[in-house]
Amino acid sequence: MSNDKQTLDRIIKQQRVMSGLTLRQLSDKSGVSHSHLGRIERGERFPSGHILRKITQPLGFEETELFVLADYLSPPSASEGVSEAQHIPRELEPYVASVLSQEPVEMQRTVVAILTILKSMAR
1 MSNDKQTLDR IIKQQRVMSG LTLRQLSDKS GVSHSHLGRI ERGERFPSGH ILRKITQPLG
61 FEETELFVLA DYLSPPSASE GVSEAQHIPR ELEPYVASVL SQEPVEMQRT VVAILTILKS
121 MAR
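Going by the numbering used here, the sequence shown opens with residue 1, and the numbers climb by one from there.
Note that these hints are calculated values from the structure, not bench results. Ideal Cβ positions, reconstructed from N, Cα and C, are used throughout, including at glycine. Hints are supplied without guarantee of correctness; some may be wrong.
Unchecked claim - Simulated crosslink set (SDA-like; lysine to any residue; CA at most 20 Å straight-line): (1) 13 / 27; (2) 13 / 31; (3) 54 / 39; (4) 13 / 25; (5) 119 / 108; (6) 13 / 29; (7) 29 / 73; (8) 29 / 99; (9) 119 / 27; (10) 13 / 53; (11) 29 / 7; (12) 54 / 70; (13) 54 / 99; (14) 54 / 119; (15) 29 / 17; (16) 29 / 48; (17) 119 / 70; (18) 13 / 30; (19) 13 / 24; (20) 54 / 16; (21) 29 / 19; (22) 54 / 32; (23) 54 / 38; (24) 119 / 32; (25) 29 / 75; (26) 13 / 57; (27) 13 / 36; (28) 13 / 56; (29) 13 / 35; (30) 29 / 102.
As the list claims (entries may be wrong) - FRET-style restraints, in silico, Cβ to Cβ: (31) 75 / 103: 17 to 23 Å; (32) 99 / 49: 32 to 38 Å; (33) 102 / 25: 30 to 36 Å; (34) 25 / 99: 20 to 26 Å.
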């Protein structure tokens, strides 16, 4: 499996956790089965464009963001008026993600909430 595919599954899972959603909640909001979503997050399946479109809004991504990350679309050039900063994946540092993934879901949500508050204060 390519590095981009491993990155995409990690980004999807991290964004779901950061959004405070369980697999079942994302499934309910997107219409994609929770078992299929789990396989995507574990890197066992690569999401089709149809699946990406269904999970984009519930995960809080822009319409094209996941398509760019999945290499279905090329990133817009600076001449198209979109800054590169808008296409930086919203993900945790690998070390933080690995430590956080070992904690119970409630602890993960608490840490994400604290980080969100700190981020908003820093702006």
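Requested in this report: Could you tell me which of the numbered hints above are not met by this structure, giving the numbers in increasing order?
Outcome: 7, 8, 9, 11, 13, 14, 17, 24, 25, 30, 31, 33
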